[in-house]
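Sequences listed follow chains A and B, in order.
As numbered in the working numbering, residues 1 to 299 make up the first sequence, in order.
As numbered in the working numbering, residues 1001 to 1441 make up the second sequence, in order.
FYI, nobody ran anything at the bench for these hints, they're computed from the structure.
Nothing here was measured: the structure is a model prediction, and the numbers come from that model.
Just so it is clear, CB atoms sit at the ideal spot from N, CA and C, and this is done for glycine as well.
Don't take every hint at face value.
To be verified - Distance ranges between label pairs, derived from CB positions: (1) A:K161 / B:P1434: 49 to 55 Å; (2) B:Q1415 / A:Y144: 37 to 43 Å; (3) B:T1435 / A:V26: 45 to 51 Å; (4) A:R291 / B:T1435: 55 to 61 Å; (5) B:D1130 / A:Y144: 46 to 52 Å; (6) B:D1299 / A:S286: 52 to 58 Å.
To be verified - Sample of chain B residues at the chain A side, in silico, Cβ under 7 Å: (7) D1095; (8) P1123; (9) A1395; (10) Y1409; (11) D1413.
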Amino acid sequence: MRTTHRSRLSRIGDMPTYILFLVPAVVFLIMTTLYPLVYTFRLSFYDWFLNRPNLDPKWVGWDNYIETLSDAVFRRSALNTAIFGIGTVAAQLIIGLCLALAVAREGMGMRVVRSILLIPMIMTPVVVGVLWRILLSDNGLVNYLLDITGIGTILWFVDPKWAMIGVMLVDIWQWTPFVLIILTAAITALPSDPYRAAQIDGASRWQTFRYITLPMLWPVILVTGLLRFMDAIKVFDTIYVLTGGGPGYATEMLSSYIYKEGLRYFDIGSAASASWIFLVVVVALSLVVIRARARAAES
Amino acid sequence: MTRKDNSRKTTFSRRTVVKGASAVAGSAALAGKMASSTFAAPAILGARFQGEELTVLYMESGTYDEAARLIAPEFQEATGATVNVVAFPYQNLHDNAATDLVTQTGAYDVIDVAYQWDGEFSPFLSPLEDLIERDGYDMSAFIPNVAALSGFWDGQQNGIPNANDARGIVYRTDLFEEAGLEPPTTWQEYNDFAEILTQGDVFGASWVGLGEQLQGSWLSRYWEQDVPLCDVDWSPLFNSPEGVHAIELLRQALPFAPAGMPGWDIPTQKNALLTGQLAQAEVWPSFILADARDPEKSDIAGKWGLIPFPGPGELSAWNLAIPGTSQKRDLAWEWIKMYTSPENAKRFALEFGVGSPQVATWEDPELVEQFPEYPTILEAIKASRPIWRIPQFPAAWDVLQKQLELTVYQDADAQETLDHIADEWNSLLEQDPPTTEYTEG
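Make the full structure from the sequences, and use the hints.
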């Protein structure tokens, strides 16, 4: 008891040291995260064009938010972003899990296979965009393969439906390896006792997967899905190179909408309000997933 | 002492006078040379700019940027300054240059400005009048409408024209001859001929479907009907039967174009043209001319001709400007003078097919012999019309592009689409109403 009391006192005595060590990190966070966030929030209430020095910033209250939410292009971009985010992450989790189950074994061969599967993730998004723009072109390799298999040519950059599918396929191709790495590590770290018990009880492979592997992996799958989703909805470079958001607004995403408002038209108030709407939605979705993960971990 | 002093004074005076006279004579000769030539004497500049570095920004196109890279070593030899040529594709050149100017980053000492950005960039550029006057730079050498529209904004000379172009139609002379056709004189004829010429692997119509190029194809079909885009007060006039007709003309041509054409960029169309897949192609001549006549690069060498657009085309013009943030204004000006010298204009035309803004280049006998299309292109440039040059240009043209894609390639109603574009343009104009009357001259 006395030792505990002394220990507490000693901790209190060390407080200035703790604070001293914490201050740089806190100041850095305030400067790089909190201040820009607050400043962006303030900007979202102004009508301000950075490229027109003749116009002074004008306070417009919530007008930017109202205009952004009533802008058909913003709404279309938000819908596209949701479809893109949900579609790609779902596919990446399913494919990534299947691949992880297949390659989560020891041996030189498996290590080589895992390394090869990681290549798309290492490539820069612009290179991926250029590469797939060539592969998906009218006379590209993908259409050649579709042609010889009798499916026929797909006009990936002309048909709005196929344009969206095309950009999703590219994202799935590039980021499934991320899911693969995490789930492979998680599978390798699973305890072996439940599997031995299942073997003794005569459980089939499917039953073992359904009732042991999947429940134990679930919290990891949720976190991986959340990380991928937050990344997927920020997609920019690949789509910018692949389709430029077209045809029409078929592949226009929220990130490209904000980019154009802010860095092409320099309508900084509109860009700030769209950013804040985007942020609020992402935070809300993240909270839902974090809660679901906590529940899964508890159960 | 006094004598001695006097004699010393006299001797010194003589030397000074001789030296001074030489210097004055040398300077006068140099000044004369600088005034007559577009570029200053290397020895003098070499000492002045030795060791400095100049960063210049161009469009990545294999033309203007390559021309800059070609003369960079010569500029270094002449001035002692090294040149760092930075290039971005047209799609992100505006955003990159505008961000640098607006944020006052000062990454570039010279920027190649498309004339449609003149109004937006003007507050951030350094006016050049004093330098033009100081060096007697000859502004009368430029094609008049190019000089008036490229680099000159609100009574201020911010840039020196360095390149321009006017769109035309490259047509296959062999296929036209076989079909007994003459080149089209109207867009309706273009469509009619496209139908006749579409056979086997050859398509009768084509344009660059992607990005900013569709607007140009629509604009020419609209301007063919002799209606301006806006009235003098900038109110849009194109949401009219003429605007709808221009869309209909594009839609009618689509069945005679390759199915994937709406997704084409400039290199893809060029490749299709040079491999003989297109009977008619709407092109920027400067990107085509040099390669199309080279049998090693072109299957259609000797089998093509160029005509201007049936309707007035959209002008393309570029000018070299110095950002207000540049700390190397004099060196940047030397670069502009070298890049835009008549000698280099001819050289760039020969080597890269760059369309010169100077009349003399288009009338140069050697060039006209090599490029028989030159008189046609010059006439097209003179007849071409400018697009918006006010700061709202990027937003207005993005709306135009996206909405045209929806109505030409998809099934959006043409009139409703044009009404929507007009509404968007009106709200953009309300943000910052232009102070001058709208004109297409």
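Right, here's what the structure says about each hint:
1. The beta-carbon spacing between K161 of chain A and P1434 of chain B, approximately 40 Å, falls outside the hinted interval of 49 to 55 Å.
2. Roughly 41 Å separates the CB atoms of Q1415 of chain B and Y144 of chain A, a value that falls within the hinted 37 to 43 Å.
3. Taken as a hint, the range 45 to 51 Å holds for the pair T1435 of chain B and V26 of chain A, whose Cβ atoms sit roughly 50 Å apart.
4. As the Cβ distance of R291 of chain A to T1435 of chain B is approximately 56 Å, the hint placing it in 55 to 61 Å holds.
5. Taking the beta carbon of each, D1130 of chain B and Y144 of chain A are about 60 Å apart, not inside 46 to 52 Å as hinted.
6. Between D1299 of chain B and S286 of chain A the beta carbon distance is about 56 Å. The supplied range of 52 to 58 Å therefore holds.
7. This hint holds: D1095 of chain B has a C-beta 5 Å from the nearest C-beta of chain A, less than the 7 Å allowed.
8. A hinted interface residue such as P1123 of chain B counts as satisfied when its beta carbon comes closer than 7 Å to some beta carbon of chain A; here the least separation is about 5 Å, so the hint holds.
9. Satisfaction of the interface hint for A1395 of chain B is found here, the shortest Cβ-Cβ separation to chain A being roughly 5 Å, below the 7 Å cut-off.
10. With 7 Å as the threshold, the beta carbon of Y1409 of chain B comes within range of chain A, its nearest partner Cβ sitting at about 6 Å, so the hint holds.
11. For the restraint placing D1413 of chain B at the interface with chain A, the shortest Cβ-Cβ distance is roughly 14 Å, beyond the 7 Å limit, so the hint is violated.
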